[in-house]
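Please model the complete structure; the sequences and the hints are all you need to start from.
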Amino acid sequence: MEKRKKVITALGLRKNLAVFNGIFFKNPVLVTGLVIAPAAVAANSLKAALALAIVAIIVTVPTVTIASVLSRYFKNIPEFLNPVIYVLISAFLLIPSFFLIRAIFNPSIINTIGIYGPLLAFNSMIFSRAKKYPLKKHPAKAALDSLSYSLGFGLSMCIVGSIREILGAGTIWGVVINPNVTFFGFLMPFGGCITVAFLAAFARQAVIIINRILRRVMIMYRWLKRKHNRKKEAVWKGNGAF
Amino acid sequence: MKFEKSNAPYIRYHESSRTVMSDIIIALLPLYIMAAYYYGVRAILLGAVGVLSSVVFDCICIKFAGKKINPRDLSAVVTGMILPLMMPATIPFITVVTAAFVAIAVAKHPFGGVGNNLFNPAATGYAFAALCWTNEMYTYPVPMTHIGIALTDTIKYTQSPAYTLSQSGVPNYDFLDMLLGNFPGPMGATHILVLMACMLFLIYRKTINWQTPVCFLVTAAVLAALFPRILTGNMLQSVMFELFSGIMIFTSVFILPEPVTSPKRIVAKSIYAAVGAAIAMIYRHFGGLAEGIVFGVLLLNALAPVVDRMGEKIIRTVRRAERGKA
Amino acid sequence: MVKMLADFFTLMVTAIFVENAVLSRGLGMSRMIRLPLNSKDRTRFSVLVLIITTISSVLCWWIHHFIRESEYIYLIRPILFIVCISVIYISIWIICKKYIPKIFEVIKKDLAVATFNCAVFGTVLIGAQTGISFWGMLGFGIGSGIGYLLAVLLVCQVRRRLQLCDVPKAFDGFPITLVYIGLLSLALYGLIGHQLPM
Chain A
1 MEKRKKVITA LGLRKNLAVF NGIFFKNPVL VTGLVIAPAA VAANSLKAAL ALAIVAIIVT
61 VPTVTIASVL SRYFKNIPEF LNPVIYVLIS AFLLIPSFFL IRAIFNPSII NTIGIYGPLL
121 AFNSMIFSRA KKYPLKKHPA KAALDSLSYS LGFGLSMCIV GSIREILGAG TIWGVVINPN
181 VTFFGFLMPF GGCITVAFLA AFARQAVIII NRILRRVMIM YRWLKRKHNR KKEAVWKGNG
241 AF
Chain B
1 MKFEKSNAPY IRYHESSRTV MSDIIIALLP LYIMAAYYYG VRAILLGAVG VLSSVVFDCI
61 CIKFAGKKIN PRDLSAVVTG MILPLMMPAT IPFITVVTAA FVAIAVAKHP FGGVGNNLFN
121 PAATGYAFAA LCWTNEMYTY PVPMTHIGIA LTDTIKYTQS PAYTLSQSGV PNYDFLDMLL
181 GNFPGPMGAT HILVLMACML FLIYRKTINW QTPVCFLVTA AVLAALFPRI LTGNMLQSVM
241 FELFSGIMIF TSVFILPEPV TSPKRIVAKS IYAAVGAAIA MIYRHFGGLA EGIVFGVLLL
301 NALAPVVDRM GEKIIRTVRR AERGKA
Chain C
1 MVKMLADFFT LMVTAIFVEN AVLSRGLGMS RMIRLPLNSK DRTRFSVLVL IITTISSVLC
61 WWIHHFIRES EYIYLIRPIL FIVCISVIYI SIWIICKKYI PKIFEVIKKD LAVATFNCAV
121 FGTVLIGAQT GISFWGMLGF GIGSGIGYLL AVLLVCQVRR RLQLCDVPKA FDGFPITLVY
181 IGLLSLALYG LIGHQLPM
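From first to last, the protein sequence lines stand for chains A, B and C.
Residue numbers for the first sequence follow the numbering used here, so the first one is 1 and each next one is one higher.
Residue numbers for the second sequence follow the numbering used here, so the first one is 1 and each next one is one higher.
Residue numbers for the third sequence follow the numbering used here, so the first one is 1 and each next one is one higher.
I should point out that these hints are in silico values taken from the structure, not numbers from a laboratory.
Quick caveat: nothing in here was measured; it's all calculated off a predicted structure.
Check before you lean on any hint, since a few could be wrong.
Here are the simulated DSSO-like cross-link-like pairs (lysine-lysine), alpha carbons at most 30 Å apart as the crow flies [unchecked claim]:
1) 237/A <-> 141/A
2) 313/B <-> 264/B
3) 169/C <-> 67/B
4) 264/B <-> 40/C
5) 313/B <-> 169/C
Shown next as structure tokens:
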């Protein structure tokens, strides 16, 4: 008997890979606007952006995983205590993250990122992702999903940070590249807001265009498959040339 | 019914957007001539650079938005002409280009283009340039120095009377000097007589209404007389210096009555101008920069819908009272 | 006595206009983009944020007073403040549920979002970092809440006004609101004249 091959349509591929949506299609900074404050104000330089991204990854991923595990195995917790648990876990996770970035960069990075480091414990990503993965889903999927959101956050922070640093101070990672023309306004909150807004518009337009292309590919694939099936049926029924 | 397809802005009076904009351009030309008389040919060059960059950025943005370029729309030209007049004659050309970029691509087109902007483009461009090049923006050359295309080292720089006022000093220019523009200041904003003439011309042509500049200047004069910053405390001197130094009168003529950002009814426009004067004086007294009124204009533009609604309520109560009496 | 009042009012006015939590520091922006346009809901949410900011600033000042001299302060401080805010949240929930059920029905939905908000936590952290007196901290907390209320009013006004504008599709929604907030922060920069410390 003929083994049925697993057909990968464009839509099927999108559904299976939906867990990686956070990196581009639902980027928390640029497309859905979940976490804007650190990107618009604090990501003055590539170093600060990378430090904040590392803190976000360390704080978000274990919190969402533990939240998913808790909601699976301990169902008696009253609902209003949920935010408290998430926030306390992420607050404890701030300590190792601060030690890590102090070790990677120099200890003055804590002053550079200011209040936006501890503020990442109140991430919108934690609250929105922990609500979306209730009892049914596996904790591994929750971990992967939150990891992709944090990676998306890190990617967009690095882009915003490097643009702001190149245009604002003429350096990148502290190395001077273009000292002639610098626009100091990009290091201020105004420049950050404008950069994030324009990149967000750019990313949204790219998402619209890619969705359009994927839909056309899927329609064309379905049409081709239907034509191929009809041809096969005609051959079996003995209708001759089609 | 036949619908005619036309381009923004959609103005329904017999004047078109073209006549409004060309009136403003005609009013700005004498200021450029005076600036060239005081500061040399660089003034006109800066104006040309401003206009060219505004028009180029405007065309690029319109192409990105997918609309058709309207060659009769002179709003980009007006923005390009207003911008250099608020800056000193010695700024580098890159400042004007940056200010034009921010004015067109950040304050005008993301909101929808012509007729849709929530903030005044010229004010935004100048504010961003003042943020980036603070030192170059607030040191002015002494008038009657003729500056060529390139900046040489022999130009003497001074501070404007606005800076002296912010340090509670007394600027030493007399009345006639200030009227004729013989004191350091922004390129197009120092010649008070010419500015007054332009204002009268625009009011006569009904491009701007007379309530806005008059309310603004009267409120500013009253506030300057009541809370003088000058060391001697003389009220008349305080009024004269506060009004004539910096960009106060220029703002009240060219930036405040912009048709898109200001409220629609006459009552609302008067309230808007008075509130604008109050904000301008607050920025002067408590602000960190020597001339912060343009930042105040941005705040005022954000408050315009509130003032609009206030004006509507006032008119409705008046109408109801009249109908109740009759 | 005079010094206390002076601290209180100065810091309150500073927190409302100059160091506005939303407009100068960008805290709580992502929440504001999703707020409902309805005037009653919006006012309720902002008043709740105001109350919580006030209570938490007072309590956190006491905690900070005791741990001020420790060495790893930047590590312990966030955790203790978060514990304090959680305690406030739980106590408000339980007290309202037991004793004032009418108010509890009204604030049930918004309480979680209003408490665990970047604006609240950011205010407390900034106040602790600058090391101000008790009355100053109280004024700063109240002023921060009022500033949040004003910013919410402004942003909701502009969202209503933006429905009349012909905004391009890519900019619709959150980018255009972000541009607006950026331009407002530019306007407030003119009052300060230099960059705020982070």
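Structure-based check of each hint:
| no. | hint | result |
| --- | --- | --- |
| 1 | 237/A <-> 141/A | 47 Å, violated |
| 2 | 313/B <-> 264/B | 13 Å, holds |
| 3 | 169/C <-> 67/B | 13 Å, holds |
| 4 | 264/B <-> 40/C | 28 Å, holds |
| 5 | 313/B <-> 169/C | 34 Å, violated |
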